[in-house]
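Protein chains in written order, with the UniProt record's numbering: chain A, 1 to 199; chain B, 1 to 199.
Fair warning: there could be bad hints in the mix.
As the list claims (entries may be wrong) - Covered stretches of chain B, as calculated for chain A (at least 3 residues, CB under 8 angstroms): (1) 6 to 19; (2) 39 to 46; (3) 70 to 82; (4) 109 to 118; (5) 182 to 189.
Everything labelled a hint here was simulated from the structure, so no lab data went into it. Please read all numbers here as calculations on a predicted model, not as lab measurements. Backbone N, C-alpha and C fix where the C-beta goes; we use that ideal spot for every residue, glycine too.
2 protein chains.
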Amino acid sequence: MRFRSLVETNRSYRRFHESRRIPMADLVALVDLARLTASARNLQALRFSLVSSVDMCESVFPTLGWAGYLPRWKGPEPGERPAAYIVIAVDRDLTSEDWGDHGIAAQTILLGAVEKGYGGCMLGSVNRERLAVVLGLPDSHEILLVLALGVPAETVVVDPLPDDGDVRYWRDSAGVHHVPKRELESLITVRFCDETTTE
Amino acid sequence: MRFRSLVETNRSYRRFHESRRIPMADLVALVDLARLTASARNLQALRFSLVSSVDMCESVFPTLGWAGYLPRWKGPEPGERPAAYIVIAVDRDLTSEDWGDHGIAAQTILLGAVEKGYGGCMLGSVNRERLAVVLGLPDSHEILLVLALGVPAETVVVDPLPDDGDVRYWRDSAGVHHVPKRELESLITVRFCDETTTE
């Protein structure tokens, strides 16, 4: 798959074919992708917890907040919940700072997941204390992000931002999830080119 | 290219064939990849400055710090300096928080660059005030990361972490850049699988 197609297919999926489980070996291979990415000062302070079993998925699920812009939707129903999780933590014994390593790792994992036919969502609304207990994490590990994974069971489309500039995603009557994205030109502040590199 | 190969090829390159310039259209296409990525609360608060001209590259270069672990190397010499930059800032009028969006965007851009035959490096050691002046950024924009880009002119290899646990990258007598990466198993804190998902 060309890289742009991978990026386009990598939407934030929140509903899955829960019965289609993900082998642990796939989760390990995804972490190995993250292992090979850039890390600030090459500290490599991120640590990963891998959950593929049905019972532990059930324990992780209640620690997560879903889709803040869909207040009437309490998250995926049984049968459409994630089939696996990768929980990204940082070992505070190694660093007190976060330079963006977790974003680098999370994006790399999700792009790799899409290539394997899965999809997922980065969740930042997490009951971190409770999830750390569920996973039995060491005290020095601080949870930064949870990646929910599975075979997607929903359609997600990218729309232009509406005229009123509302960035909130929404779901239509057919259940299609719409994500407004800003126009390309609005993201570019300045550009400097010359004869050699002109567009 | 398979995604894992893309990740493996995407090393942090700091020396380039400076004369091989990057068309502005390529930089714009890379920002369009970042535009399509996940964004916390879908705020899409990142803003991008694109530099491909020789003279502006010369103005950006002195604002950057290079390779903290190579104290005797002051950065790439003329002729091997970056051929372009993408400067990632956040618009503080939109958010006061950084959830990792810049890591997501930076990694996506660099992976896209590798597919196009370029390579680059995320630089966090930046004279932000000076660079903001050089680029003429609005006061509300805070620079988070600089991506240095070009056609790589160095070999970068991933090594196992040495026994003493030293994470510092180093350069051998042949000029090959070595980056020690932790062993996969050391990054995985816990794993939970069952009969269906066992390895």
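How the hints compare with the structure:
no., hint, result
1, 6 to 19, "holds (count 5)"
2, 39 to 46, "holds (count 6)"
3, 70 to 82, "violated (count 0)"
4, 109 to 118, "holds (count 4)"
5, 182 to 189, "holds (count 5)"
In terms of the numbered hints stated before, the structure departs from hint 3 and from no other.
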